[in-house]
Each structure stands twice: as structure tokens, then as C-alpha cells.
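2 protein chains.
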Amino acid sequence: MANILERPLITITNIIWSFDRATQQIQVLLVKRAHAPFKDSWALPETFMRANESADEATLRLIKEKIGLTLTEFHTEQLATFTDRRRTTDERALSLAYMTFLPEMSPLQAGYGATDARWFTFGFLKKTYQLSNQQLHFQTTNATADQYYQKLPATKSAEQLAFDHQWILTVACQRILNKLDYQPNILMILGASFTLREARTIYAIFRKTTLNAIDNSNFKKTHQHLFLEAGTTSQLRVGRPARLYRLKPQN
Amino acid sequence: MANILERPLITITNIIWSFDRATQQIQVLLVKRAHAPFKDSWALPETFMRANESADEATLRLIKEKIGLTLTEFHTEQLATFTDRRRTTDERALSLAYMTFLPEMSPLQAGYGATDARWFTFGFLKKTYQLSNQQLHFQTTNATADQYYQKLPATKSAEQLAFDHQWILTVACQRILNKLDYQPNILMILGASFTLREARTIYAIFRKTTLNAIDNSNFKKTHQHLFLEAGTTSQLRVGRPARLYRLKPQN
DNA sequence: TCAAAAGTGTTCGTAGTACACCCATGT
DNA sequence: ACATGGGTGTACTACGAACACTTTTGA
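Top line first, the protein sequences correspond to chains A and B. With the working numbering, the residue at position 150 of the first sequence is 150, and numbering never jumps. With the working numbering, the residue at position 46 of the second sequence is 1046, and numbering never jumps.
Mixed in with the good hints there might be a few duds.
Computed cross-link-like contacts, SDA-like style, restricted to lysine to any residue with a CA-CA straight-line distance of at most 20 Å [what the hints assert, rightly or not]:
| # | chain 1 | residue 1 | chain 2 | residue 2 |
| --- | --- | --- | --- | --- |
| 1 | A | Lys-179 | B | Lys-1179 |
| 2 | B | Lys-1179 | A | Val-171 |
| 3 | A | Lys-179 | B | Val-1171 |
| 4 | B | Lys-1179 | A | Gln-174 |
| 5 | A | Lys-127 | B | Gln-1250 |
| 6 | A | Lys-64 | A | Gly-191 |
| 7 | A | Lys-64 | A | Glu-53 |
| 8 | B | Lys-1179 | A | Tyr-182 |
| 9 | A | Lys-248 | B | Thr-1144 |
| 10 | B | Lys-1208 | B | Glu-1077 |
| 11 | A | Lys-179 | B | Lys-1032 |
| 12 | B | Lys-1039 | B | Gly-1111 |
| 13 | B | Lys-1179 | B | Gln-1160 |
| 14 | B | Lys-1032 | B | Phe-1138 |
| 15 | B | Lys-1179 | A | Arg-175 |
| 16 | A | Lys-179 | B | Gln-1174 |
| 17 | A | Lys-179 | B | Gln-1183 |
| 18 | B | Lys-1179 | A | Gln-183 |
| 19 | A | Lys-179 | B | Glu-1077 |
| 20 | B | Lys-1179 | A | Leu-180 |
| 21 | A | Lys-179 | B | Gln-1109 |
Distance ranges between label pairs, derived from CB positions [unchecked claim]:
| # | chain 1 | residue 1 | chain 2 | residue 2 | range |
| --- | --- | --- | --- | --- | --- |
| 22 | A | Gln-134 | B | Lys-1127 | 51 to 61 Å |
| 23 | A | Asp-181 | B | Lys-1127 | 20 to 30 Å |
| 24 | B | Phe-1219 | A | Gln-78 | 39 to 49 Å |
| 25 | B | Thr-1023 | A | Gly-123 | 52 to 62 Å |
| 26 | A | Asp-215 | B | Asp-1215 | 47 to 57 Å |
| 27 | A | Gln-78 | B | Lys-1127 | 43 to 53 Å |
Hint data in this document are derived by calculation from the structure and do not stem from the laboratory. Idealized CB from N, CA, C, for every residue including glycine.
Please put together the full structure from these sequences, using the hints given.
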């Protein structure tokens, strides 16, 4: 009986988001894999779950390993679990995927299992989202899950993310978009407080539109119930100083 | 290195929903466990994932084992993955939780690992939902995940569902409620086609209100975009025969 | 013919959109 | 002073809620 029970490897895959205030761009962390499979391919940061470690603790350890950051307060939420057998080529592995929203853009250090670690700028291109770092570009897909996994074995190449990470990234973007109007946790990448303009910047990218296409007055009226005023104002650019807001704690 | 990697058991937990047209009640399947741990406790149907079996295939096998039903067409969707170490008492096990919406209420047969299998009527009681079968009652919780798992080790009793199934059920109800207005897959338990009254019956229960509190005229206007007319009318009760609708295929 | 249930239509209030106008700062 | 961006206010529109009214069946 025990033999037919499979005990596959449990991989924690983490999509780590942050925000670059200097360029007002959303960033996603990718690492270059040091080992096979997919050696030298870019991938979402992963780690194996260890004994006596919860998924949350594994996520925390992953962040510490990959970017040398020990956060006291940060937000991680479960995305989904990916179990399709075609997602790995050799030994079977399930992926428990999480998303982490870092309140700042930390400098990176490539940790165990990676020869490089970089922030990729998150944007959009026609109908898909895109991660860019200099000449490197990775796009999300418009395929369905069935379509994607069917074609996956044939699409192995250096231009693609490792494993099914393109699909995981696609699901992540869709989830964030869906939650923008009622639980915009993605705004946590703006840190403790933010201006309405910064919030609109993020909304604009996920909605594949421009900042100016989102009217500030209307945005305030429709989303203010999600925010709390954070009193003081900042002063970084020309024009009238903006008020600061912070995310209203949910529930 | 390999030794520190944990390979916990992978449990597939399935919340199986159906609808009893005779009594117009929502039903959830529970089984009585044949083996330790939680021997003789009621629980959500579970199975271990086997080698060379995807989570979807395991779900299909579980339905076949528990209720002897081989469906060609049915809908299963992922709920979440539960990894808290406190969820099991002995060996650690992750739970990949899925929801299945059966298009009919099948007769049951207790399969392997269960001494009994019954449909429980789904209703609500004050602030919680409740599963009832004669003198048996199981409620959802209003605690947070942290609160729930902290108290879990102390709450083992025959009056409670096994493991953290109370929490899994709570998350499931919340998910269905959240999706009622944009992707009401729960309506699949009504079968291929349904009347607006039947749809309102389901909405009423999840919203913890009464059927008559949901105005038929307004319900049609606000939710018609989710449905397609299924032409003919049924004739089962007094009054004007109702039109039939079916769920609009998503995307 | 009356009750019950389904379907249609009308009014009203609220919430989102478009847009004009005022305010505060840097150059 | 003027350009830039933030903030306020107003008119218009759309959609959901409340509810009256009509239609179709069974008893």
C-alpha cells in the first residue's frame, strides 16, 4: 500500500514584487539557475520545503537566501498549487506558489542555486505582460492551462522561463488584476504610505493603460474606501505636494 | 542534502457539492473515517495522491471510490493548499483542496477508508454555515486562520470534523460566496439547466438570507449576463412555468 | 375566480465618469 | 508668471433596489 503513494518533491515558488521609486516601475525578481534542469535559464526563485518547516517559513527563508533580506513585517499570500505532471521534465515536483510584496526594492545577492539574481521591470506589450531587463524579455501567455501544458514540452529554450514559470507568472498577474478593486495588496510594494499617483501608476500597468487615463479625482472617489489617510505630505517633484495614504487593514 | 528535504504525504481533499431538487437543498458529502487518526469522526472525503496521477485524476478517482460515480463531464476547481503543521497530529500531510460541483445528487456508497458516507444539508445558523444530517451538525468558524490553528489541537472531539476540515470548509464557503456575482460555478450543482428560482435559492443560502428577499426581477437584470436562455420551460409546481437558463461558458 | 409563481415595467437613489475649476509648489 | 501636478466640485449617466402591474398556470 505504501508504495503506490507518491511523495513528490514539494517546491515553493515565490513571485516577489517590488517598486522602484526612482523610475516608478514595478519589479519582479528572477534568478538564473545554477543547476540542471534548466541550468542557465531564468526562473522564478524556488526552494524545496524542508522538514519541520511550514510553507510560510520556507517562503521567509527563500527571501533571506535570495536577496539577503530579513523582514520583520512583510506580506505573503498563496497563489495556487501547480501539479501538472508535464511541468517538470525529470522527477516530479509539485509547486506551491506564493506571492510576496516587498515594501522596498532591496539590492540583490544571488544565493544558493543561482548564478545571478536581478530585478526585472514589469510592463505590458499588446495583450501580454512582460518582464524586461536590458535585452532580456519574458512574456505572459494568453493560452489556457490545457493549451499551455500541452505545448510546454516542445517550448524548452533559453528564451523561456524554466519549468512552467511562464504560466505561474500569468496566473499571478491575473490574480492581482482581479483584486485591484477590492483588495489591492499589490500596493504593499509602495511601502508604508503612498500617493494616489503612485497607486494609479500600478493600476495603470496592470490594466494595460496609461497613468493619465486614470482620472485622479475619480480614482480617489472610487477607491478611497480601501485607503486611510497617512496625514503628512511628501515633496519630491514639481507641483502641489500630494497627500499620503496607506492600505486599510482588511477586515 | 536529500535528507533535509521533506516529502510529506500529499492528501487530496475534496468538497463535493450537489443539489436535492426534491427538497431544494444544497448538499455536501461527508464520510465517516474507518481508520486512525480521527477514526469514527466525520470528515471531508480524502485520498492520497498516487504515483503518475495528477491532482485532477486523483479527484476523479476519489469521486468514483466514494460515490461510485463515473462522470464524463463534471467541474472541479482548486480551492487552496493547506500546509500548517498543526493540521495533522501524527505524520505531516499537506492537503490540496478541491471543490467538485456534481450536476445531480447521486446515491452514495461508503468506499475504502470510510464506514459511512452521507449527504449533509447545507444551511446557515446565525453567523456561520452549517452541515446537518439528522442529529449531526457541523458549523463553519468565524476565527482567522491563526486563531483557528492555534486552538485546533485542543478541540479534538467527536462533534468536530477531522483534521482542519472545519477550516477548509469555511474557506470553501467564503470562496463560493465571493464568486456568486461574477463566476457562480456553484450553480453547476443545478445540472444542465435551471430556473431563476433555483439559482436564487442557492444565492439566498450563501448570502444567509431568504429566497423571497432576493427580488426575481432585479436578480434577472443583474445576473442575466452570466446566463444563457435554455429555451424551453419546465413544469413542476403551481404558477406560471419558468424559463430555463444555463451557465454561460466562461471567457 | 383566486392563489401562486414568473415575467415586465417604472421610479428612485446611489455610485461611477467626464470635465471644469481652484490650490500649492518649483523654476 | 507660468507650468505642473494635486485637490474639489458639478453635471451627466448607468445600474441596482424597491415595488407596482401583467401573465400563466393549478386548484
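Going through the numbered hints above, which ones does this structure break? Give me the numbers in ascending order. Of the numbered hints, 10, 11, 13, 21, 24, 26, 27 do not hold.
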